[in-house]
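*Asks:* Spelled out, the chains give:
2 protein chains.
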Amino acid sequence: METEPARMTAAEASAAIQARKMSCEELVRSCLTRIASRDAVVKAWLRLDPEHAIRRAREADKLPSKGPLHGLPWGVKDVIDTADYPTTQNSPIYDGFQVGRDAAPVAVVRGSGSLILGKTDTVEFASHGRKAVSTNPYNPAHTPGGSSSGSGAAVGDWQVPLAFGTQTGGSHIRPASFNGIYGLKPSWNRVSREGVRMSSMTLDTIGWYGRCVEDLIMVGEAFRIFRSSAPVEVKGLRVGVCRSPVWREIEAGGELALSTAAKRLADAGAIVEDLELPDPFSWLHDAHTAISNSEGGASFLPEYVNAHALLAQGLRDKVDNVLQITSQQLLEAYALADSCRPVLDRMFGPSLDVILTPSSPGEAPEGLHTTGDAVFNKMWTLMHGPNVGIPCCFGPKGLPVGVTLVGPQMSDGRLLAIAAACAPVIDAAPEERVRRLWG
Amino acid sequence: METEPARMTAAEASAAIQARKMSCEELVRSCLTRIASRDAVVKAWLRLDPEHAIRRAREADKLPSKGPLHGLPWGVKDVIDTADYPTTQNSPIYDGFQVGRDAAPVAVVRGSGSLILGKTDTVEFASHGRKAVSTNPYNPAHTPGGSSSGSGAAVGDWQVPLAFGTQTGGSHIRPASFNGIYGLKPSWNRVSREGVRMSSMTLDTIGWYGRCVEDLIMVGEAFRIFRSSAPVEVKGLRVGVCRSPVWREIEAGGELALSTAAKRLADAGAIVEDLELPDPFSWLHDAHTAISNSEGGASFLPEYVNAHALLAQGLRDKVDNVLQITSQQLLEAYALADSCRPVLDRMFGPSLDVILTPSSPGEAPEGLHTTGDAVFNKMWTLMHGPNVGIPCCFGPKGLPVGVTLVGPQMSDGRLLAIAAACAPVIDAAPEERVRRLWG
Numbered sequence: 004m005e006t007e008p009a010r011m012t013a014a015e016a017s018a019a020i021q022a023r024k025m026s027c028e029e030l031v032r033s034c035l036t037r038i039a040s041r042d043a044v045v046k047a048w049l050r051l052d053p054e055h056a057i058r059r060a061r062e063a064d065k066l067p068s069k070g071p072l073h074g075l076p077w078g079v080k081d082v083i084d085t086a087d088y089p090t091t092q093n094s095p096i097y098d099g100f101q102v103g104r105d106a107a108p109v110a111v112v113r114g115s116g117s118l119i120l121g122k123t124d125t126v127e128f129a130s131h132g133r134k135a136v137s138t139n140p141y142n143p144a145h146t147p148g149g150s151s152s153g154s155g156a157a158v159g160d161w162q163v164p165l166a167f168g169t170q171t172g173g174s175h176i177r178p179a180s181f182n183g184i185y186g187l188k189p190s191w192n193r194v195s196r197e198g199v200r201m202s203s204m205t206l207d208t209i210g211w212y213g214r215c216v217e218d219l220i221m222v223g224e225a226f227r228i229f230r231s232s233a234p235v236e237v238k239g240l241r242v243g244v245c246r247s248p249v250w251r252e253i254e255a256g257g258e259l260a261l262s263t264a265a266k267r268l269a270d271a272g273a274i275v276e277d278l279e280l281p282d283p284f285s286w287l288h289d290a291h292t293a294i295s296n297s298e299g300g301a302s303f304l305p306e307y308v309n310a311h312a313l314l315a316q317g318l319r320d321k322v323d324n325v326l327q328i329t330s331q332q333l334l335e336a337y338a339l340a341d342s343c344r345p346v347l348d349r350m351f352g353p354s355l356d357v358i359l360t361p362s363s364p365g366e367a368p369e370g371l372h373t374t375g376d377a378v379f380n381k382m383w384t385l386m387h388g389p390n391v392g393i394p395c396c397f398g399p400k401g402l403p404v405g406v407t408l409v410g411p412q413m414s415d416g417r418l419l420a421i422a423a424a425c426a427p428v429i430d431a432a433p434e435e436r437v438r439r440l441w442g
Numbered sequence: 004m005e006t007e008p009a010r011m012t013a014a015e016a017s018a019a020i021q022a023r024k025m026s027c028e029e030l031v032r033s034c035l036t037r038i039a040s041r042d043a044v045v046k047a048w049l050r051l052d053p054e055h056a057i058r059r060a061r062e063a064d065k066l067p068s069k070g071p072l073h074g075l076p077w078g079v080k081d082v083i084d085t086a087d088y089p090t091t092q093n094s095p096i097y098d099g100f101q102v103g104r105d106a107a108p109v110a111v112v113r114g115s116g117s118l119i120l121g122k123t124d125t126v127e128f129a130s131h132g133r134k135a136v137s138t139n140p141y142n143p144a145h146t147p148g149g150s151s152s153g154s155g156a157a158v159g160d161w162q163v164p165l166a167f168g169t170q171t172g173g174s175h176i177r178p179a180s181f182n183g184i185y186g187l188k189p190s191w192n193r194v195s196r197e198g199v200r201m202s203s204m205t206l207d208t209i210g211w212y213g214r215c216v217e218d219l220i221m222v223g224e225a226f227r228i229f230r231s232s233a234p235v236e237v238k239g240l241r242v243g244v245c246r247s248p249v250w251r252e253i254e255a256g257g258e259l260a261l262s263t264a265a266k267r268l269a270d271a272g273a274i275v276e277d278l279e280l281p282d283p284f285s286w287l288h289d290a291h292t293a294i295s296n297s298e299g300g301a302s303f304l305p306e307y308v309n310a311h312a313l314l315a316q317g318l319r320d321k322v323d324n325v326l327q328i329t330s331q332q333l334l335e336a337y338a339l340a341d342s343c344r345p346v347l348d349r350m351f352g353p354s355l356d357v358i359l360t361p362s363s364p365g366e367a368p369e370g371l372h373t374t375g376d377a378v379f380n381k382m383w384t385l386m387h388g389p390n391v392g393i394p395c396c397f398g399p400k401g402l403p404v405g406v407t408l409v410g411p412q413m414s415d416g417r418l419l420a421i422a423a424a425c426a427p428v429i430d431a432a433p434e435e436r437v438r439r440l441w442g
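Read top to bottom, the protein sequences are chains A and B.
With the first sequence counted from 1, adding 3 to any position gets you our numbering.
With the second sequence counted from 1, adding 3 to any position gets you our numbering.
Some hints could be false.
A pair holds if it fits inside one copy or across any two, identical chains being indistinguishable in the list.
[Claimed, not checked] In silico lysine to any residue, SDA-like type, Cα no more than 25 Å apart, as pairs:
#1 K134 x F229
#2 K69 x R319
#3 K238 x P89
#4 K400 x W286
#5 K266 x D277
#6 K69 x D323
#7 K134 x V235
#8 K69 x Q316
#9 K65 x Q101
These are calculated hints, taken from the structure and not from any lab test.
It should be emphasised that the depicted structure is a prediction, and the values quoted were computed from it without experimental measurement.
Start from the sequences, fold in the hints, and give me the full structure.
*Replies:* So, in structure tokens, the structure goes:
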């Protein structure tokens, strides 16, 4: 029996479409079937019109291929504008509001032939406030993470091969860990985030999810952010294991994932050593807090002025600056981050190819009132370099846990080449994920 | 005879509306009359619906005041989304395209009671490509500057008291100089630019025009960016005259304005001294080029992919990276700017209150094929601090020329207080501007 189309990676589906062994319509119908059977539990989607999606897939089948992304369906986090669906921000203020214009990242993949399947649930404005109703595909009593909750759950549950998320703290990489999927947070500002709801200019980054590193690379090529990079071998690769200045927050699942990934890489011939960051890096977490709250105050002022009662208290607090962050503190936070970035970049070189660090404290926490803690992601978001989330293992609660690979700023192509080499070593559970969710 | 409402500053109009001595409708009708008499020459507006504007003014008259901005009409540069007009970017790609949602800065002033009179002409995407058809109010053979061409011309020609512009290089402060008006470019990221077309995340800044410093302050208060600041006296004020590393580009008009402003301040008791910037600042102009071109490549990729033939060559060149800017060069440009910002900020203190520097090489050049040169603005845009453009005098060609006051990052309130004290000294030509344009 042939593989169910919805079970393919994006790269496999692309190859089948390019070879005309599978139609775009077959792929979309398979995704819709999967969604129909699982949506009552996983609740990943805020808006999805099956008939519209099938019509678009049929159109794609009639057109000459626009490249590797042709005909591949996407989930789009509902803080990102799309021409053909509303953008609600999961906020009552924008209930049903449709802008009619694709955000920049959506325009690029649509212009490359991709289909927008629907909008995925999110934490309100990808910041604070209402949580998504989405559940973890591996256990509906647990969160899929957030704020890219629906995008992470939909890709993890084989409902759609690709999805956009965003990250200001840990909103993209953490759901990758919790849902057993691959995610790229590219270097800051290498992919335009126009039309993606702003929360913090210095931190907001668009990212995408897939089911293997090849999926992430295929999308990256459409964004032209990758230069050809020499092939990478795990043998001899210099990996720095960074427990990070917030290691006290680690849980059993996170510790297991990091040590498992490190051991597997060492067993495969990588040179794995502990990496300590210089002292100033210990303050980056606080700098992130100052920047995200202070910039958030400017970002949410329009809703504060025009729809005060409908805006979540946590967002009103940013405008009111309840943390009492002074201009001086904000400038010091900027200056610290600005000075740490080149220091981090220069650590890479002859003695360090890539940093291995936790994606999350551990497995997805129980309950939908939380999306987990971004404590292990914030520093790397502020450092602006590329991060790749890779699934690693299952933790003591039986849920997936991933790890993060980090590279210097603008090294996205090289980091993905490293990730492609490391992923088969780190990720020992792909069959287990299929078995658990497909039965 | 009472003053024509259109001839008032925004602050004067606000006071009259608050005191119910003038209705919002009277003000809007007066602006529309002025526009009707001058639009065939100045051509500041891309879209303006007089009946819609009058209806909105009547509504404002029926409502309780929402504060000082209540009933004041705005011109909005057509790279900025408004709920009630299209946003064309002056690009054939977006001809007639209406998004139906206010950009963040528009939402804030609308929520504060202001009226959106119409959309003003702009250089394509506020970047490169088609120029505005707008002319300089003082001589239609000359440019009003750009890219905020229509906003600058409309405020300068007394067609509207307030307008939004944007600045990536010198698009806001230069038109202030050329049109004899006041302009604030606030600290980077203190005012959300969501819904304003992106060109360069690191550089794009929203700004506003008015007819006096009080106008700029009144708007700034709606954006909550100003903290109360001690009153400022010109006597004893420490002013650093910065000819800047690009002084070789100065023209007669610009030299006249800078020396005139410096002399007037010194005559009024300020301590005026030349200010030299450290060597690394000489490279900021090149850093600006690397950043604006490289980031522009990401920003214009959506149109490059979806509407290649309709995108201006200069924008396609950014995507194609014809300047061949490497990742390394971009990172060096970021690192240079990041290291210069705190150095500049620290220059302010006991021996320096404010920097006085050119707003433009000189008067507005002849011809509408150019918008003039941003060479004297780019460094300050990259430094992220607030800039206030103040009219100073008329140059040898009989056109207005202004100067710029610069403060450290996040000192917007203090800089405006300094500007309020200095403006009556620097700007000796307000009656001359009225005489020239009102006859």
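*Asks:* Would you pick out the hints that fail for this structure and give their numbers low to high?
*Replies:* Going through the list in order, the structure violates hints 1, 3, 4, 7 and 9 and respects the others.
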